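Enquirer: What follows is the residue order along each chain.
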Amino acid sequence: MSIFQITLVVAMVMLSVSLMLTAIRFYLGPTLPDRVTSFDLFVANVIGIILIYTELTDNQDFIDVAMILSLFGFLGSISFAYYLMRTTK
Amino acid sequence: MEINWLLLREIISCAFILIGVSFMLIASIGLLRFPDFYIRMSAITKGSTLGLGFILLGMGIYFNQADVLLKVLLIILFTSATAPVAAHVIGRTAVQNKIPFWNRTDLSEFREYLAKWHLEQLVNQDKYREEELAKKQSDESEVADTAGKA
Numbered sequence: 025m026s027i028f029q030i031t032l033v034v035a036m037v038m039l040s041v042s043l044m045l046t047a048i049r050f051y052l053g054p055t056l057p058d059r060v061t062s063f064d065l066f067v068a069n070v071i072g073i074i075l076i077y078t079e080l081t082d083n084q085d086f087i088d089v090a091m092i093l094s095l096f097g098f099l100g101s102i103s104f105a106y107y108l109m110r111t112t113k
Numbered sequence: 121m122e123i124n125w126l127l128l129r130e131i132i133s134c135a136f137i138l139i140g141v142s143f144m145l146i147a148s149i150g151l152l153r154f155p156d157f158y159i160r161m162s163a164i165t166k167g168s169t170l171g172l173g174f175i176l177l178g179m180g181i182y183f184n185q186a187d188v189l190l191k192v193l194l195i196i197l198f199t200s201a202t203a204p205v206a207a208h209v210i211g212r213t214a215v216q217n218k219i220p221f222w223n224r225t226d227l228s229e230f231r232e233y234l235a236k237w238h239l240e241q242l243v244n245q246d247k248y249r250e251e252e253l254a255k256k257q258s259d260e261s262e263v264a265d266t267a268g269k270a
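Residue numbers (the working numbering), protein chains in the order written: chain F, 25 to 113; chain H, 121 to 270.
Since the hints were derived computationally from the structure, they do not count as laboratory data. These numbers were taken from a predicted model, which means no experiment stands behind them. Cβ atoms here follow ideal geometry from the backbone N, Cα and C, with glycine treated the same way. The reader is advised that the hints may include incorrect statements.
Some chain H residues flagged as far from chain F (calculated, every beta-carbon gap over 10 angstroms) [to be verified]:
id, residue
1, N124
2, E130
3, I164
4, T202
5, R212
6, A214
7, E229
8, L234
9, Q257
A short, non-exhaustive set of chain H residues, derived as facing chain F with CB atoms under 7 angstroms [stated by the list, open to error]:
id, residue
10, I139
11, S148
12, F157
13, I181
14, I196
15, L197
16, F198
17, S200
18, H208
19, I210
20, V215
21, L227
22, S228
23, F230
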């Protein structure tokens, strides 16, 4: 393994640690909006892991996956906020 | 002198990716450690947008192709346009659902705004203070009980 690949693997490990911290907040989160925002960060971390994996394997097809995933994360949080607003009013 | 362009691209891309990843890590530490829903939300919105932008830029520099760079710029534009919108909508919903504020947040401007529009019942900052008071009172009653038994 070259230094380049080792650096990318280290970056993936750091993103995995931050994914775990986010999961802890998802478990603790005292309210429902906390869980929605931590899900937002979850999606951002997964996009980062996909991008680093793209660079590690030199396979450009995964960039489209990252694009679609960012779109769906936005839709998920918006629809959840709308649902919360509708159910409590 | 010949320049090794591949090595140069790898070094620049690694630097960008490491900066971005450390921003993401800081954002998730903030999500875990901050005391209040609103502060947590601001931390992860700014941190994750900046971190994702750095990672994407690093990847676009490494591939060195026009279509990849266009896709990267599209994702950066999309993320930086949608993350503040999502944070705003969720924060608005949280205020409407009476999620409590941290008791050290300065709410004077927010209270003026609410008084202007007659929305005073929305603020709920006292929940944490009430919990602390209840805990203190229960501790004192325990102490009093043990003293009475003695």
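Enquirer: Next, verify each hint and record whether it holds.
Expert: Hints, one by one, checked against the model:
1. N124: Holds, since 12 angstroms exceeds 10 angstroms.
2. E130: With a cut-off of 10 angstroms, H:E130 comes too close to chain F, as the shortest Cβ separation is near 5 angstroms.
3. I164: The claim is violated: H:I164 sits with its nearest Cβ about 5 angstroms from chain F, within 10 angstroms.
4. T202: violated (4 angstroms)
5. R212: violated (8 angstroms)
6. A214: violated (4 angstroms)
7. E229: Holds, because the least Cβ-Cβ distance between H:E229 and chain F comes to about 22 angstroms, which exceeds 10 angstroms.
8. L234: holds (18 angstroms)
9. Q257: Consistent with the label, H:Q257 stays out of reach of chain F, its closest Cβ about 22 angstroms off (over 10 angstroms).
10. I139: violated (10 angstroms)
11. S148: Since chain F brings a Cβ to about 4 angstroms from H:S148, closer than 7 angstroms, the hint holds.
12. F157: holds (6 angstroms)
13. I181: violated (10 angstroms)
14. I196: Hint violated; H:I196 Cβ to chain F Cβ min 10 angstroms, cut 7 angstroms.
15. L197: violated (11 angstroms)
16. F198: holds (6 angstroms)
17. S200: violated (11 angstroms)
18. H208: Result: violated, 9 angstroms to nearest chain F Cβ.
19. I210: holds (5 angstroms)
20. V215: This interface hint is violated because 10 angstroms lies over the 7 angstroms limit.
21. L227: violated (18 angstroms)
22. S228: violated (24 angstroms)
23. F230: Result: violated, 17 angstroms to nearest chain F Cβ.
Checked against the numbered hints given earlier, this structure breaks hints 2, 3, 4, 5, 6, 10, 13, 14, 15, 17, 18, 20, 21, 22 and 23; the rest are met.
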